[in-house]
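**Q** As they're listed, the protein sequences go chains W and X. Just so you know, the first sequence maps onto residues 1 to 667 in this note's numbering. Just so you know, the second sequence maps onto residues 1001 to 1206 in this note's numbering.
There may be inaccurate statements among the hints.
[To be verified] Heads up, simulated DSS-like pairs for lysine-lysine below, C-alpha to C-alpha not over 30 angstroms straight-line:
| # | chain 1 | residue 1 | chain 2 | residue 2 |
| --- | --- | --- | --- | --- |
| 1 | W | 540 | X | 1095 |
| 2 | X | 1115 | W | 408 |
| 3 | W | 116 | X | 1023 |
| 4 | X | 1115 | X | 1023 |
| 5 | W | 408 | X | 1095 |
| 6 | W | 665 | W | 33 |
| 7 | W | 238 | W | 175 |
| 8 | X | 1104 | X | 1115 |
| 9 | X | 1032 | W | 116 |
| 10 | W | 140 | W | 64 |
| 11 | W | 604 | X | 1032 |
[Unchecked claim] If you only want the chain X side, here are some residues facing chain W, beta carbon under 8 angstroms, derived:
| # | residue |
| --- | --- |
| 12 | 1044 |
| 13 | 1050 |
| 14 | 1092 |
| 15 | 1194 |
No lab work stands behind these hints: they were computed from the structure. Cβ coordinates follow ideal geometry from the N, Cα and C atoms, glycine included.
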Amino acid sequence: MSAVNASPNGTPKVGVYVCHCGINIAGVIDVTKVVEFAKTLPNVTVAQEYKFMCSDPGQELIQKDLKDGKIDRVVVASCSPLMHEPTFRRAMAACGGNPFLFQMANIREHVSWVNKEKGSATEKAKALVAAAVRRVVFHKPLQKTQVPVNSDVLIVGGGISGIHAALTMADAGRKVYLVEREPTIGGHMAKFDKTFPTLDCSACILTPKMSQVRAHPNITLWTYSEVAEIEGYVGNFKARVRRKPKYVDEGLCVGCLECIEACIFKKGKFKDEFNVGLSLRKPIYVPFPQATPLVAVIDPETCAFFRTGKCKQTCAEVCERKAIDFNQKEEIKEINVGAIILATGFKTFDASRIARYGYGKYPTVYTSLEVERLVNAAGPTGGEVLLPNGQKPKAVGIVHCVGSRDEKTNRYCSRVCCMYSLKLAHLIHERTGAEVYNFYIDMRTPGKGYEEFYDRLMKENVHFIRGRVAEVSDWAMTPEEEGKLVIRAEDTLVGAVRRIPVDMVVLSVGLEPQPDADEVRRRFNISCSTEGWFLERHPKLAPVSTFTDGIFLAGACQGPKDIPDCVAQAGAAAAEALAMIDRGHVELEPNTAFVTEEFCSGCKTCVPLCPYSAISFDTSKNKAVVNGALCKGCGTCVAACPSGALQQNLFTDEEIFNEIEGVVKYV
Amino acid sequence: MEKWQGWDKIQYEAGLDPHFGTKIASIPGGDKLLACIQCGTCSGVCPLSPYMDYTPRQIVAMIRAGFKAEVLSSYTTWLCASCYSCTVECPKEIKITDVMYAVKRMAIQEGVYPKRFPTPVLASEFFHSVEKTGRSTESWLLVRMYLKTNPFKMLKQAMLGFNLWRRGRMGVGVESIKRKDELHRLFTAMENETRAERRAGQEVRP
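Here chain X stands alone, though its shape is the one from the complex (with noise of 0.2 angstroms):
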């Protein structure tokens, strides 16, 4: 029998961050979050609210109560495909997919988000891919993020992967493109740009 965990089960407001629900309601257009009426209605047509382990409207009421530990460390936000049917369908035009994103960035920058779970790591290791040699290798992606969140599942694969290999559906090769230097010299200007921008922006604000 499990351990019986009564105890743990109250909420401490010493637990909580009473910012957190501002701070990710400043977002564009997020001050509706403080709004919602719990009626269920992107959960309800979440095509992956069954998958979580709190649906989209649970995120937003725990955001509002400030349970951040909770929500930055739940996998909600890694599973959200992004479809938009939440916001679609919002009656209070809450733009739910925009603050899955808020609350992705946040666990991002605070480095609490499910370290060994498949989309961050598959997001972060495409993004390496494209950065290093202007395109995506599917295989290695794969074979790295197996490695990063659960390498027994590669074995697994490894047929699919063979099959696929053998009618020249994946390759091994790392693919790249011609002239990686200017890829390069873009990828740093427009850093220095957005950094130069947010200087500004910065300046801007009182």
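Chain W with its partners taken away, still in its complex shape (with noise of 0.2 angstroms):
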């Protein structure tokens, strides 16, 4: 097939664009060199230079010459098509062109920031020319296409970000399914206190939201759920979700706790999971007293009617609304939605990976997080800091950096912690009135009014010394050291090795993605950074987006947030989310496989092989069938195909093979 013959208005017309981008190119390819050798190319009609054609009037430089019928095809000589073909496609559909009539050649990322000798570089970029030249001959007028969108939105995870996405959707008039693992909604912030600045209490600000939630006529709150199963592709995705049992009818409890007065356990007997481990619970509790929905929960590994068998049931027994149900069994919901937000939070770092710190072998040595729980006036101590002898400490040494900063645990800065630090710093001083120490490796406050709360700490006669903490042990060496424990550090503003005696150690611990992160961005499929964080498509310009469509980000899910920063977050998502949903529709790239019938010889060998089981098989016919709305364009079937029916668009085997042989002829 000729060149000619491809072409839909009879000969093809192509422009060359060449970019200066400043002097990220010019600066090494001789821009000038690449017009001249792109005029001597065949059916190249206009070859031009300019300096940003990214920007307005580079753009208008193709609108006019496509106006003026001098080119009907596009190529620009630029930067990674990434961020800007979608640019020059626009500007060609907006003046009448098909915007799939265009290829970019990337002479910036693949040659001039890559090579410094300008003769071979020019060389390189003519030949990249060459080669799109050649293939946008072949290109064909696609039309995108389109597919309406679900209008309701499935949001995972109920901490502050899930909650706030949740509202803002929901008020927005959208049908929102809230879905938290645990038994109740609030995450981390409804273990906290106060939150950094400005001191205002976390459950005064969270409960109101929490209840909102609760009573929101378009919010269907599942906790104590796991999506399991993801189907589809943006605007129609299919959801399953498992929501375990609570073994207590939600619909029936109205959160009166007398079944928990009424367990055959006197006392509290495990481990509170919303304590962290510092109190006692039932096997039948309720998280904690503002906890949506407040329905109790029976734990099952606990219970002794699970475990044994053999239980006289007295919290069924007291319970008056008959609201609990040994019997019931695991559910599975199955949704229709739109778009999807992800707000899965985060875990913090586990403190007993840094065996020098002595977390778990000194009572004494707490976690940040078990701190939180300590200052808490709702917490187990109900909010007085006490030793395990019940005793209020009277000196406090709180180690920053613990799990992050560190090529052994974690590189990179957890972001929140110099700040929940101070807060720590402020209400334990404030409580005990006890001498702190922070050991710090660099004070980060940015943020309105963190360094101001920092200069307060500092006025409050806290105590900073700039060192890694190098060891918590109880060996002492003065008598002062005596029965406590002592920090070991270099002051590095002295020069000189401390010894501090203190009652009690906080380990500020980082923050780290959950520990099943990388099954959830499977069952997404989304990516995830090298750290285990969920990556937006762009860290500047789409914060909040993901690699695939319709799946948005919101809160720590995607790297170490403080609650400010996951409500923006979260508020930015849920806007995405619904301006995707109020378009009504979405515009699918053409570039998706297709089989051409006669060559298929139904192996099947593609059907298996798609990773969005878009392809089907027609047994009447005995040929594949590709669903254009399911298919991503990966190639993957494409590749494996044996008879090659199976080709793509915009990656036709006669485009692939002319751009390699522009690149090889021209050599």
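Combine the two chains into a complex, taking the hints into account.
**A** The following block contains the structure:
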């Protein structure tokens, strides 16, 4: 097939536009030479250079030539198509051209940024332009397809991010399914006492939002539930949600707590997850008094009835509303949604991984989350900071960067620890009058009112020692150190090693991805960063989108974040999801695979290979069929098809082979 | 009162070696040296840092800043007992003990190490003794070390030495192995080998 015949309107007219990108490209590549070379290529009718092709005047160059009928196909030699391919396609479509008669030659990332030698860089740029010109001649005038969007939303995770996103979407009139793994929503924020830097009470600002979620007519709240499976594509997802049995009917239970009182265990015996193990609970419990929904849960792992089958079932006897149901089974709910917001949050670093800080060895070494519970008025000690011996500490050491900024644990800065350490320092100092020592590497307090809070703490005479703690031990060297824990660190600003005896050590643990983050990302078909945080589409310009259309991110599942940032991101995710839903339809890229039926032998090789289940088999015709709405254009089937019956738009054999030939023939 | 030295405290750029940091960092794995965040963990875990003139953290900072003269003549590297605690605990995985060795090697090459400080003297005397006789004779090793560092200290330790000798814990004769010529042949062969290797290595490198 000759190039001329492949063109829809007779001889193809290709316009080549070479971008300087300031000095990014022009500093290494002789752009004028590339333009002169492009003019000599077959089918090229226009070749120009411009300082910034992506700018309005740059796009107008293309549009003018298209309108004047000088060109019908476009090659832009500039940067990676990731950012600006949509820009140029839009520019072509805006003046009536077909946006898919376009090809980009990446002469920035692939040439100027990785080459120093001017001559060879210019030669490579010429080869890539030649390849793009040869390829674009074979492009077909494809059309985007539109599919309608389901206006319901699934939000995974009921922490502050999920709650805020759910309320925003629900207030906009969308139906929201909020799925939370724990028996209550609230997440980590529900465990905190105060929030930095304003020191407003965490519960006072969170619990009204929690009850709003429960009462909102547009929100379906499923706690103690997990998303088991996701199918479909943007605008039309199908989710299967597994609802674990609470053994208490949510519709009947009113949260009177009498069942808990009546339990055969007269006292709590099992570690209370909500109080991070600082107190004991019974097998039937509510996580905390403001839990939403306020419904008791039976833990089958510890309940005598489930373990032995022998129990008087006093809880069920006492319940007047007959809410307790030992025969409750796991339920699977199937829902259809248009968009999904992931707000699955984080977990705190396991401090016992750093043996020299003595967590788990010395009972007076606490993690910051445990201290959050200790200072909380609704916590196990009623807000008093008490040591296991019942006394108040006289000196407290706060160790920053535990599990952060360390090649052996986590390389990143967890971002919130400096500020929460300051907050805990203030609260401990206020409640006990103890001397508080902060051991930090660098104080990181960027944020509205944050540096001012640090300033306030310094004036409150909290001690700040710049040095990472080397060791926490009970090995006394002076009489003052007897019976205390000694923190050993270099005071780097003084240049001397110091030993500071304290009664209590607080380890400011960093933030880590949830332990099952990798499983979750596979389920939702999104990407993770190397650390395991969910990956946003672009770190600056698409911070709440993912590489999977229709799935958005909110909160700390994307990276360590404090409450204001989580709420801001949750709002942004809700807005992006709303924008997508309110358009009413989504446009699908036409880079999908298609079957040429006369070549298909019906071998079914492609069917199980498709990661999106987009290929089905038509038994009447004995041919494979591709569902264009499900196909993501990954090309797996195209590579696997033994007879060449599967081809992919924008990546047909003739397009790819001609592109290769363009490079090879030039070289 | 000591002489006021305020003016001397300014470190002029002309007095620094701008390539000192990268040179030390060129040891295997040394590139991480440039990533030091000055957290002080190394000094905190170091059992000897209280005796050092500069803590290990300060040495790293001075290496990066090009304080070559101060680093090479400091006692810190010679006090390092090679316990590797700093290397194990460093959050940036800097091989601080190896850096200490690199500094020591350079100090010896340039002849600026503290010459009357016991550690380098003891090390070199030990080496010479083994090279010559195949054994280290502790009594003479100590005598030579004290003569080269602080002879008066030897007088202070004389009684202890006498007691050790009396109980047969320390001899006065020079210990030696039997076939010394074979040992010397071994050393020569090794030396030639290393030289040849070094030459080959230089040829390979562009």
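**Q** Hint by hint, say whether it matches the structure.
**A** How the hints compare with the structure:
For the hint linking residue 540(W) to residue 1095(X), the alpha-carbon distance of about 36 angstroms lies beyond 30 angstroms, and the restraint is violated. Between residue 1115(X) and residue 408(W) the alpha-carbon distance is near 39 angstroms, which puts this suggested pair outside the 30 angstroms criterion. About 25 angstroms separates the Cα atoms of residue 116(W) and residue 1023(X), which keeps this hinted pair within 30 angstroms; it holds. For the proposed pair residue 1115(X) and residue 1023(X), the alpha carbon gap of about 23 angstroms is at most 30 angstroms, so the pair holds.
A threshold of 30 angstroms between alpha carbons decides the hint, and for residue 408(W) with residue 1095(X) the separation of about 14 angstroms falls inside it, so the pair holds. Taking the CA atoms of residue 665(W) and residue 33(W), the gap is near 18 angstroms; set against the 30 angstroms cutoff, the hint holds. A hinted pair counts as satisfied when its Cα atoms are at most 30 angstroms apart, and residue 238(W) with residue 175(W) qualifies at roughly 15 angstroms. Annotation: proposed proximity of residue 1104(X) to residue 1115(X) holds, straight-line Cα distance about 12 angstroms (limit 30 angstroms).
Our distance criterion of 30 angstroms between C-alpha atoms is met by residue 1032(X) and residue 116(W), whose separation comes to about 27 angstroms. Proposed proximity of residue 140(W) and residue 64(W) is supported: the alpha carbons are some 22 angstroms apart, at most 30 angstroms. Of the pairs offered as hints, the one joining residue 604(W) and residue 1032(X) is violated, with about 53 angstroms between alpha carbons and a cut-off of 30 angstroms exceeded. Contact between residue 1044(X) and chain W, as hinted, is supported at the beta carbon level, the nearest pair being about 3 angstroms apart and thus within 8 angstroms.
Restraint check, residue 1050(X) versus chain W: the minimum CB separation of about 6 angstroms is within 8 angstroms; hint holds. For residue 1092(X), the suggested interface contact is upheld, since its CB lies about 6 angstroms from the closest CB of chain W, less than 8 angstroms. A cut of 8 angstroms between beta carbons decides the hint on residue 1194(X): the least distance to chain W is about 33 angstroms, and the hint is violated.
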